Amino acid sequence: MVLALKRQWIWDDWYAHDGKRGHGYFLKADQSIGDPELP
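To get the working numbering, take the position in the sequence shown, counting from 1, and add 226.
For the record, the hints were derived by calculation from the structure and aren't laboratory data. One thing to keep in mind: the hints can contain errors.
Label pairs and their in silico Cβ distance ranges [to be verified]:
id: 1; residue 1: Pro265; residue 2: Leu229; range: 26 to 32 Å
id: 2; residue 1: Leu264; residue 2: His243; range: 33 to 39 Å
id: 3; residue 1: Pro265; residue 2: Tyr241; range: 28 to 34 Å
id: 4; residue 1: Ile259; residue 2: Leu229; range: 18 to 24 Å
This one's a predicted model, so the numbers in the text were calculated from it and none came from an experiment. All C-beta atoms in this analysis are idealised placements derived from N, C-alpha and C, irrespective of residue type, glycine included.
Kindly generate the complete structure, drawing on both the sequences and the hints.
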């Protein structure tokens with residue numbers, strides 16, 4: 227599965243199952259803050 231949002235950085239996704247339903251979580255930030263890999 228691929229998750230992509232326009233104008234958002236996405237990282238650290240994780241998933242959980244509670245016995246009935248699956249849940250997906252992820253961290254995100256607006257790309258206007260710049261590339262987090264650059265100094």
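Hints versus structure:
1. Pro265 <-> Leu229: 26 to 32 Å: Since the Cβ atoms of Pro265 and Leu229 sit about 27 Å apart, the hinted range of 26 to 32 Å holds.
2. Leu264 <-> His243: 33 to 39 Å: Hint holds: Cβ distance 37 Å, inside 33 to 39 Å.
3. Pro265 <-> Tyr241: 28 to 34 Å: holds (33 Å)
4. Ile259 <-> Leu229: 18 to 24 Å: Holds, at about 19 Å.
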